[in-house]
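Peer 1: Residue strings, one per chain:
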Amino acid sequence: MERNESYIKKLVEDGIRIDGRPFDQFREVSVEKGVITSAEGSAEVRIGKTHVIAGVKMGTAEPYPDTPDEGNVIIDVEFVPFASAEFESGPPSPEAVEIARVVDRGIRECKAIDTKALCITAKEKVWTINIDIHVIDYDGNLFDACSLAAIAALTNTKVPKYDAKEGRIVCEPDKQLKIDDLPIEVTVYKISGKLLLDANAEEIDSTDARLTIATTKNGDLCAMQKGGEGYLTSEEIKTAVELSLKKGKELRKLL
Amino acid sequence: MESKLLVKEKELVIPGDILAQGLDYLPGSGCYREGESVRSKVLGLARAKDRLVTITPISGIYVPKPGDGIVATIIDMQSTFWICDINSPYDALLQLSEAVSEYVDIGRTDISTYFDIGDVIYIKVLNVTKMKNVTLTMDDRRAKKLLGGRMMKITPSKVPRLIGKEGSMIELIKNHTGCQIIVGQNGIVWLRGEKEALASEAVKMIEEEAHTEGLTDRVTKFLGGE
Amino acid sequence: MGGKVGAPAALIVKGKRLDGRTLEEFRKIEAKAGNLISTDGSGFFAFGNTKAIAGVFGPRTLHPKFMQNPRKAIIRCKYAMAPFSTGERVRPGHSRRGTEISKVIEEALSSVVFFDNYPKTVIDVFMEIIQADASTRCAALNAASMALASAGVPMKNLICSCSVGMVDGKIVLDVGGKEDNFGDVDTAMATIGNEDKIVLLQLDGTLSKEDFFKELSLGLKGCSDIFDIQASALKDKYATNSEGDENGKE
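Residue numbers (the numbering used here), protein chains in the order written: chain A, 187 to 441; chain B, 4 to 229; chain C, 73 to 322.
Note that these hints are calculated values from the structure, not bench results. Beta carbons: idealized from backbone N, C-alpha and C, even for Gly. Among the clues, some could well be false.
Listed next, with one range per pair, are the computed distances between beta-carbon atoms [unchecked claim]: (1) 278/A - 311/C: 44 to 50 Å; (2) 307/C - 37/B: 49 to 55 Å; (3) 220/A - 138/C: 40 to 46 Å; (4) 11/B - 438/A: 57 to 63 Å; (5) 169/B - 91/C: 55 to 61 Å; (6) 7/B - 438/A: 52 to 58 Å; (7) 12/B - 205/A: 51 to 57 Å; (8) 76/B - 91/C: 52 to 58 Å; (9) 159/C - 247/A: 21 to 27 Å; (10) 109/B - 148/C: 38 to 44 Å; (11) 211/B - 135/C: 27 to 33 Å; (12) 186/C - 11/B: 23 to 29 Å; (13) 266/A - 109/B: 51 to 57 Å; (14) 69/B - 143/C: 18 to 24 Å.
Computed cross-link-like contacts, SDA-like style, restricted to lysine to any residue with a CA-CA straight-line distance of at most 25 Å [what the hints assert, rightly or not]: (15) 144/C - 136/B; (16) 286/C - 429/A; (17) 432/A - 286/C; (18) 297/A - 367/A; (19) 196/A - 179/C; (20) 309/A - 81/C; (21) 137/C - 113/B; (22) 156/B - 196/C; (23) 175/C - 264/A; (24) 432/A - 285/C; (25) 219/A - 300/A; (26) 196/A - 416/A; (27) 11/B - 267/C; (28) 297/A - 245/A; (29) 380/A - 286/C; (30) 11/B - 52/B; (31) 175/C - 275/A; (32) 347/A - 429/A; (33) 307/C - 267/C.
Stretches of chain A that chain C covers, calculated by requiring three or more beta carbons in the stretch to come under 8 Å of a beta carbon on chain C [stated by the list, open to error]: (34) 320 to 332; (35) 397 to 406; (36) 412 to 419; (37) 424 to 437.
Just need the whole structure built from these sequences, with the hints factored in.
Peer 2: See the structure below:
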């Protein structure tokens, strides 16, 4: 609500958050894996009242011409209309597209999945991993919730058996999908010149700028996305990177 | 901070350029204050009068202000008012009471008998609200319907150049082309007369070269003068 | 980057990149303003073979009415790649990549435009990549920034954009095509004028935080250089030897 925007900004200026949390504290985070039995892998993540479910479905397809011996990972984010009065039914909004692509880059750039291991027959058949992340309840911080759900679902994924002779999937979950890294995305939000973690929906409306940073097991950075109509100084970006590394380590334990 | 003007008169500046430092200098049209500096908001020519710094923009749309004399076209009407295109993202309203001084029985009269859709008028801007609701009035000795002729559009910020000091430039064109010419503050120019084509070429030339030196001489030469 | 089809053996040899540049050198840059005839403002920007054209209409009336903001202007940005701009033809029409890039560019430009001056209107910014060789969104944003200025849209400052990256373990400025495909990290950045105020930042690739901080530093410097280039392009186009004007003789 717009009326609350200036109220929240004033509170933050005075060092207070509307729900009383410290600036660097997340709301309660829960990760539950294997919640969807019809999927090859799945995870349900809650951060405060934000609630998302990610499901992994595996299929086969021809490889892309420039990667003939590699499988594919496709990530989609759906803002289900009942998650918020602001969400409309229809094709993905620019916001949903952005989140999907940023989650994708976090997983892709650190090579969390060995795409060569997804090859069935070079130039002919490879595995395609479809990760669909559905937002069930929206109360802010979707980048973090969606990326956590995606990587959690991947660690839960079993690759079905593919019978090359018969040319089809034999529907038995076979071996665990090998995951080589555990990228965690943490978004830092700038309100009234201060940096906060895990903004809820109201705080997001008061945000000048945000920076989503993906970090790896080894403490490297593998993806970043700045958003919002404000700006960040290089000092603020450096602080955000430190916050993200620290928080990423904590969140990784939930996987 | 000591107050200092940092630009020369008529220097070309871009958005963000720091024009003056110190709170003594005030940001006028085309400028904004950041901290203790006055900075430019637009691409244009800087000017400073006393302590007020302003920018004459090179380009930009017409934003109506009360008192402007403009060339407008009637595009719609209801029973007691007309709606006009004033070459701006904001349409303008002309109330019957501001257009006609005699009594009009609106029950029996179709107001298109006064102004019809498509009519071109020279008219004055009466009021502009904060939400950019614009009203016009014919209550001005120069206001009238413009019949025949042709219209041209120029960048509104170049209107002063086209008119010239005390009308000198526009008189130059009128004299050499035998045309009636009316220049609206909104960038719409209406011409009618013997050599409309020549006059419109001269107007185009002035618009394109508004920011250069020696323009009056070149225009005179172009029009066939000495 | 072993293993990728078509990867050259090395991207940097003796401090020189594939196209002969040093690590902190831009490709040949071309910047122009006022290049289109029908728009209110326009810009052109090229980094080497990457070429972008931008056109601005507005502020103009926004239809349908329900989309109008009664108190300020809104901005709509559309980034697109021409089908012939890349090696493999790009299918025309919406793409998710185009949607995302349009969004981040719109947010970057929004940081400086004075929307309050023109309630109920829309400022439309169209950008097209006519030739792509990496850093396309940076070229598009630079062109759009000049286009807005040439349209007379009031802004706090220009927006200046460039890319930085990591190639063969070294931090480089202005990532080129092969470096984008076979390098380690690609990062697009944009700033408000030549100030330390970052309005666009997108990073792909794995690197340490120390290397990232080096990239950030180099990127800020690069954006500052871009600012000088854009300023020159605008001043060249609308250059004046001082103006004779309504107040006096020449």
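Peer 1: Are any of the numbered hints broken by this structure? If so, which, sorted upward?
Peer 2: 2, 21, 32, 34
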